[in-house]
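**Q** Chains as they are written, first to last, in this note's numbering: chain U, 1 to 188; chain R, 1 to 76.
Be a bit skeptical, because a hint or two may be false.
Pairs of lysine to aspartate or glutamate, EDC-like flavour, derived with a Cα cap of 16 Å [said to hold, decoys possible]:
no., chain 1, residue 1, chain 2, residue 2
1, U, Lys183, U, Glu126
2, R, Lys55, U, Glu92
3, U, Lys184, U, Asp111
4, U, Lys184, U, Glu131
5, R, Lys18, U, Asp177
6, U, Lys128, U, Glu92
7, R, Lys75, U, Glu73
8, U, Lys128, U, Glu73
9, U, Lys184, U, Asp129
In case anyone wonders, no lab produced these hints; they're calculated from the structure.
If you want the building blocks of each chain, they are given just below.
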Amino acid sequence: MNLRIFPAFFDHPQNISFAEQEVDERIELFLRQHWVKNIPWIFLTILAFIAPALLIQLDQFLKLNLFRPLPNEAITGGLIIWYMLIFAYALEKFLFWYYNIYIVTNIHLVDVDFLNLLFRQITEIELKDVESVRTQISGVFGPLFNFGNVIIETAAKDQASSFEDVPQPDVVADRIDDLRQTKKEGSE
Amino acid sequence: MITGSDITSSPGVMLTFKIAFISFAAFYFIFSLIIIRQVSLMAETVRTQFGKVLKFLSLVFALASLGILIYFVMKL
Chain U
1 MNLRIFPAFF DHPQNISFAE QEVDERIELF LRQHWVKNIP WIFLTILAFI
51 APALLIQLDQ FLKLNLFRPL PNEAITGGLI IWYMLIFAYA LEKFLFWYYN
101 IYIVTNIHLV DVDFLNLLFR QITEIELKDV ESVRTQISGV FGPLFNFGNV
151 IIETAAKDQA SSFEDVPQPD VVADRIDDLR QTKKEGSE
Chain R
1 MITGSDITSS PGVMLTFKIA FISFAAFYFI FSLIIIRQVS LMAETVRTQF
51 GKVLKFLSLV FALASLGILI YFVMKL
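Using the sequences provided together with the hints, build the complete structure.
**A** Here you go:
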């Protein structure tokens, strides 16, 4: 199941490139976390969006008059701030999802991490250094929507990496394995 | 007898609200500038078709934040 509004799996994508891409390097797979991972923050955003209306309804229903002592300007300002906070939260979550990218090329595995608004990390592993690739699908939603982790182990202990919650992890692992074999055969 | 309504509508309380709202909007505007910088940096790191749209939206977001800051200064 794939949603075009949150695309997360691109096979041989056109019109996509990355900063440290080499001249003869082509992108085989371009991945993000599965769109299902966005559901919790979208749900929370919708809930927060309707919360003031619910609170006002509840206030009127129970005749609490919580807002009566407050000046209208303060209520208006408070509501604006509330919606600004919600928007900031949703934007930060969307950017976090959108710019956490995993790229498989014919030379490297690239992990672009957008950890927060002030911190970005790019990790590159050469395919020839990959020792093994395995997949891990867990939880209720993983098998249901076919997403999970692809764990990449290298000869160097500190270079192990994982593609977390990517769609079709078996396809991704197979492709990395095929590219690794081709790379090794080519270098022999 | 002083009521809750008298306290919350007094000039001192309104001034406190105004300072709090303006401070928040100023920090929010700074946050929107950080978003512009970060989106621009990420769009250069990973070049996608939607990257340009995101850069434009981050600019609109910063302008809206500035608009809210001005609204708080002028209207409240």
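**Q** Going through the earlier hints one by one, which of them does the structure break, listed in rising order?
**A** Numbers 3, 5, 6 and 8, in rising order.
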